[in-house]
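Given next are the chains, with one letter for each unit.
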Amino acid sequence: MSTIQQNAALDSAQRGHGPYFWRFNLFHRWVHALAMITFYVLILTGIPLAFSCAPFAGPLMNFWGGVENAGRIHRTAAVIMVAYTAAHIVYVAVGFFRARNKKKWLVGSDTLLPGVQDGRDFVQMWKWFFGRAERPTFGRYGYLEKLDYFGEIWGFIVIGGSGFLLWYPEFFGRLLPGWLFNVATVFHMYEAMIASAFLFTIHFFNVHLRPDKFPLDAVMFTGRGTKEYMLEEHPAMEDELSAAERLPVSDVSIHDRVAPPPSRRQTLISVVGGFIAWGVGLFTIGMILWAALC
Amino acid sequence: MQNPPGRTMRLLAVAGLLLLIALSAVWIATIWNAPPRDVARQARLETRREARTPPLESFIADRGGVAELPPPITETPTCERCHGELELLRQHTESVAEARTLLVPFSDVQPSAHGHLTCAECHTDFRTFPHPPSAATQTCADCHAEEHQGWQGGAHAGTQGDVAECSSCHTVHQVESVQTLLAAAGTDAMNARCVACHRDAELPAHNPHVQEVPCSGCHEPHDTGSPDDPQSELAPQHVAATCGACHVEALDAWREDVHGNAELAAATRAHDQRTDATGDGVAATCIDCHGGHDMYAPADTGFVTASVQACGTCHDRAMDTWAASYHGQAAELGSAVSATCSDCHGAHRVYPEEHPRSLVHEANLIDTCSQCHRYARQQFVAYDSHPDPFNPDRNLWITASFFFMNGLLAFVLIVFGAHTLLWWRKIEKERKEGHGHGSDAHGEGRGR
Numbered sequence: 411m412s413t414i415q416q417n418a419a420l421d422s423a424q425r426g427h428g429p430y431f432w433r434f435n436l437f438h439r440w441v442h443a444l445a446m447i448t449f450y451v452l453i454l455t456g457i458p459l460a461f462s463c464a465p466f467a468g469p470l471m472n473f474w475g476g477v478e479n480a481g482r483i484h485r486t487a488a489v490i491m492v493a494y495t496a497a498h499i500v501y502v503a504v505g506f507f508r509a510r511n512k513k514k515w516l517v518g519s520d521t522l523l524p525g526v527q528d529g530r531d532f533v534q535m536w537k538w539f540f541g542r543a544e545r546p547t548f549g550r551y552g553y554l555e556k557l558d559y560f561g562e563i564w565g566f567i568v569i570g571g572s573g574f575l576l577w578y579p580e581f582f583g584r585l586l587p588g589w590l591f592n593v594a595t596v597f598h599m600y601e602a603m604i605a606s607a608f609l610f611t612i613h614f615f616n617v618h619l620r621p622d623k624f625p626l627d628a629v630m631f632t633g634r635g636t637k638e639y640m641l642e643e644h645p646a647m648e649d650e651l652s653a654a655e656r657l658p659v660s661d662v663s664i665h666d667r668v669a670p671p672p673s674r675r676q677t678l679i680s681v682v683g684g685f686i687a688w689g690v691g692l693f694t695i696g697m698i699l700w701a702a703l704c
Numbered sequence: 022m023q024n025p026p027g028r029t030m031r032l033l034a035v036a037g038l039l040l041l042i043a044l045s046a047v048w049i050a051t052i053w054n055a056p057p058r059d060v061a062r063q064a065r066l067e068t069r070r071e072a073r074t075p076p077l078e079s080f081i082a083d084r085g086g087v088a089e090l091p092p093p094i095t096e097t098p099t100c101e102r103c104h105g106e107l108e109l110l111r112q113h114t115e116s117v118a119e120a121r122t123l124l125v126p127f128s129d130v131q132p133s134a135h136g137h138l139t140c141a142e143c144h145t146d147f148r149t150f151p152h153p154p155s156a157a158t159q160t161c162a163d164c165h166a167e168e169h170q171g172w173q174g175g176a177h178a179g180t181q182g183d184v185a186e187c188s189s190c191h192t193v194h195q196v197e198s199v200q201t202l203l204a205a206a207g208t209d210a211m212n213a214r215c216v217a218c219h220r221d222a223e224l225p226a227h228n229p230h231v232q233e234v235p236c237s238g239c240h241e242p243h244d245t246g247s248p249d250d251p252q253s254e255l256a257p258q259h260v261a262a263t264c265g266a267c268h269v270e271a272l273d274a275w276r277e278d279v280h281g282n283a284e285l286a287a288a289t290r291a292h293d294q295r296t297d298a299t300g301d302g303v304a305a306t307c308i309d310c311h312g313g314h315d316m317y318a319p320a321d322t323g324f325v326t327a328s329v330q331a332c333g334t335c336h337d338r339a340m341d342t343w344a345a346s347y348h349g350q351a352a353e354l355g356s357a358v359s360a361t362c363s364d365c366h367g368a369h370r371v372y373p374e375e376h377p378r379s380l381v382h383e384a385n386l387i388d389t390c391s392q393c394h395r396y397a398r399q400q401f402v403a404y405d406s407h408p409d410p411f412n413p414d415r416n417l418w419i420t421a422s423f424f425f426m427n428g429l430l431a432f433v434l435i436v437f438g439a440h441t442l443l444w445w446r447k448i449e450k451e452r453k454e455g456h457g458h459g460s461d462a463h464g465e466g467r468g469r
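Quick mapping for you: the protein sequence lines, in order, are chains W and E.
Per our numbering, the first sequence starts with residue 411, numbered consecutively.
Per our numbering, the second sequence starts with residue 22, numbered consecutively.
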């Protein structure tokens with residue numbers, strides 16, 4: 411693709427000078443895709459129940475085939491979520507045990523675990539908003555990516571845990587006092603709303619709706635981004651990327667290796683899929699806002 | 022930079038994923054075809070269905086109807102010679118129409134309920150000719166004194182001019198007995214006379230009384246009173262007895278429970294604010310909960326909505342808190358199996374929670390919840406079906422978790438909402454100032 415075409419690309423990860431670098435491997439992309447699908451299914455089967463007084467609740471429930479059917483679909487998506495979360499835990503554990511430098515894995519610049527630097531970046535970001543500092547230089551994962559990740563972990567524990575309790579109340583009712591199911595209901599519904607609110611405003615804004623990335627950032631679908639994109643979003647990776655640039659192009663998605671550009675078909679699928687996904691997301695947040703009035 | 026996983030790792034990963042998929046599929050399969058947790062509403066209602074006396078017999082007994090009529094007279098009366106021949110009548114009248122009004126063939130009268138009477142029994146003044154106008158006068162009151170007296174005191178003998186007299190509802194010469202009419206032509210035939218004037222009063226199709234009970238089954242036909250009239254059979258003081266003529270079991274149960282027993286109702290009302298009802302006497306009558314003409318059969322899904330609204334008329338806080346719970350949300354969205362008011366509190370045997378006969382008394386809760394939740398135990402039934410986060414005395418944990426989570430939600434939205442908006446503003450500002458971020462310029466003058 412010529413430079414001009416690249417800069418007008420719908421996918422902001424494909425804008426700017428190349429070459430492409432791998433950022434997310436096949437496993438990351440699959441888990442993220444499954445997460446998207448299951449999140450939408452869980453949220454859309456749960457919303458009519460949470461906002462049963464809203465006018466869209468009845469039609470949406472009928473779309474799922476009634477309350478009982480929606481419940482089955484909801485629990486099915488939850489099971490899938492447990493499955494890929496388990497797979498992810500194994501993946502991370504294996505990655506940790508295989509890492510040559512475990513300390514670096516935990517607290518180095520490539521880690522997903524939050525650290526002091528993230529706190530500093532957070533403060534600096536607010537200062538930058540008001541023109542009192544430079545924009546923070548993020549590494550591989552800035553504090554927003556870490557918030558996304560740990561928000562999801564916290565959400566999984568709270569929503570999944572309370573959901574599990576509510577799924578088998580007679581079983582858990584042998585051990586736990588019944589009013590705990592009332593509390594579980596509150597936690598389940600509100601944590602889901604927090605997660606939805608976070609995803610559809612903050613995550614979406616940071617990834618897609620920011621004017622400098624609008625209308626889409628498909629790096630999580632294609633797995634790769636141009637050098638210019640990578641340096642703009644994650645400037646602290648400059649050294650790593652320069653080193654990797656000297657290595658041959660890799661067809662397999664290994665972190666930071668130079669990648670071939672995504673095929674036309676892959677770009678098409680990523681862009682279309684991405685638009686559908688964030689369109690559904692905005693529609694969902696619209697419904698939640700509408701329902702909050704009832 | 023990581024090395025790509027070797028062959029062994031890849032095989033293990035694939036095997037692990039397949040195992041995960043298999044386990045998930047098994048788990049999903051266990052829930053997919055599982056029947057709803059409980060016995061469906063329909064079945065529950067079947068087990069609770071109360072016996073009713075068949076409407077026709079009790080209705081006739083109630084109205085003092087005659088079971089057996091005397092046999093009709095067989096000898097053709099003399100009157101038939103003129104009053105059975107239209108040509109002859111025409112010779113004595115001004116018009117054919119007038120002649121028709123005098124046409125009363127004996128073949129009409131003989132099979133009717135008056136078939137055992139001769140013409141002279143009602144038309145006493147016929148001995149002179151031309152017959153005086155008084156010969157046509159009806160003397161229904163001479164035999165049907167009780168009904169006549171009732172009618173005189175009722176709304177149909179009103180002074181507003183729209184009087185409905187005997188012949189308005191009963192065809193005189195072809196009058197049928199109640200059982201004949203019902204058996205031959207059903208309730209529609211009887212109701213046709215009422216509906217002729219009371220056009221809006223026809224029962225909707227979902228009313229279980231339609232085709233089963235005629236208007237006069239509930240509304241006193243002769244001494245008719247409006248429900249506002251305290252003497253009327255549909256006034257709150259009397260409606261239970263009217264319904265109870267057929268629904269005997271329901272009446273007996275209701276007479277003892279908190280809605281029907283005035284002492285229990287008063288005693289309960291005295292020490293709690295669970296209801297807004299302020300009336301004297303009974304707390305809620307049949308029509309209050311089941312509705313009148315607009316009632317639904319209990320097995321009908323329309324009944325659920327209607328009855329919840331009915332309970333909520335007095336017990337509004339209970340309805341609101343139930344509607345906010347899972348039971349309420351699912352019911353509101355059409356679930357046929359979710360618990361509504363009468364599933365837990367009973368229908369005609371409602372008692373206050375402290376009363377040992379109450380279905381939600383702590384000693385009875387396990388049985389009540391077990392209707393749907395098998396294996397319900399003591400801890401399980403400590404669930405609050407009417408969670409009220411705004412009432413910390415009811416359950417402090419529910420209140421605390423509600424306010425904590427709302428606070429957390431507000432915090433997230435405010436902090437990260439501000440973060441998003443400020444970032445957006447910053448980008449727009451930078452664009453205007455010509456910095457590289459977000460503008461179409463690529464790579465020039467990045468000014469970091």
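Hint data in this document are derived by calculation from the structure and do not stem from the laboratory.
Careful: at least some of the hints might be erroneous.
As the list claims (entries may be wrong) - Here are the simulated PhoX-like cross-link-like pairs (lysine-lysine), alpha carbons at most 25 angstroms apart as the crow flies:
#, chain 1, residue 1, chain 2, residue 2
1, E, 450, W, 537
2, W, 537, E, 447
3, E, 453, W, 556
4, W, 556, W, 512
5, W, 637, E, 447
6, E, 453, W, 512
Claimed, not checked - Using C-beta positions, here's what the derived DEER-type ranges look like:
#, chain 1, residue 1, chain 2, residue 2, range
7, W, 540, E, 415, 42 to 52 angstroms
8, E, 439, W, 530, 37 to 47 angstroms
9, W, 670, E, 52, 36 to 46 angstroms
10, E, 439, W, 585, 40 to 50 angstroms
11, E, 30, W, 658, 21 to 31 angstroms
12, E, 453, W, 530, 41 to 51 angstroms
13, W, 476, E, 277, 35 to 45 angstroms
Stated by the list, open to error - Partner residues are not named here, just some residues of chain E that face chain W (Cβ under 7 angstroms, in silico):
#, residue
14, 405
15, 431
16, 433
Predicted model, so just to flag it, every value in this text is computed and none were measured.
Even for Gly, the Cβ is constructed at its ideal location relative to N, Cα and C.
Each hint, compared with the structure:
The straight-line distance between the Cα atoms of residue 450 of chain E and residue 537 of chain W is roughly 14 angstroms, inside the 25 angstroms bound, and the hint therefore holds. For the hint pairing residue 537 of chain W with residue 447 of chain E, the CA-to-CA distance comes to about 11 angstroms; that is within 25 angstroms, so the pair holds. Among the hinted pairs, residue 453 of chain E with residue 556 of chain W is inconsistent with the structure: their alpha-carbon atoms are about 31 angstroms apart, more than 25 angstroms. Taken as a hint, the residue 556 of chain W and residue 512 of chain W pair is honoured in the structure, with Cα atoms around 19 angstroms apart against an allowance of 25 angstroms.
Taking the CA atoms of residue 637 of chain W and residue 447 of chain E, the gap is about 24 angstroms. The hint holds against a cut of 25 angstroms. Restraint check: the Cα-Cα separation between residue 453 of chain E and residue 512 of chain W comes to about 46 angstroms, which exceeds 25 angstroms; the hinted pair is violated. The hinted window of 42 to 52 angstroms between residue 540 of chain W and residue 415 of chain E holds, with their beta carbons roughly 46 angstroms apart. For residue 439 of chain E and residue 530 of chain W, the Cβ-Cβ distance of about 19 angstroms falls outside the hinted range of 37 to 47 angstroms, so the restraint is violated.
Residue 670 of chain W and residue 52 of chain E have their C-beta atoms about 44 angstroms apart, which keeps the hinted 36 to 46 angstroms range intact. For residue 439 of chain E and residue 585 of chain W, the hinted distance range of 40 to 50 angstroms is satisfied, since their beta carbons lie about 42 angstroms from each other. Checked against the hint of 21 to 31 angstroms, the C-beta distance between residue 30 of chain E and residue 658 of chain W comes to roughly 22 angstroms, which is consistent with it. Restraint check, residue 453 of chain E to residue 530 of chain W: a C-beta distance of roughly 28 angstroms breaks the suggested window 41 to 51 angstroms.
A hinted range of 35 to 45 angstroms for the beta carbons of residue 476 of chain W and residue 277 of chain E is consistent with their spacing of about 38 angstroms. Interface hint status for residue 405 of chain E: upheld, as the beta-carbon distance to the closest one in chain W is roughly 5 angstroms, under 7 angstroms. Because the smallest distance between the Cβ of residue 431 of chain E and any Cβ of chain W comes to about 10 angstroms, over 7 angstroms, the interface hint for this residue is violated. Annotation: interface hint on residue 433 of chain E holds; nearest CB of chain W at approximately 5 angstroms, less than 7 angstroms.
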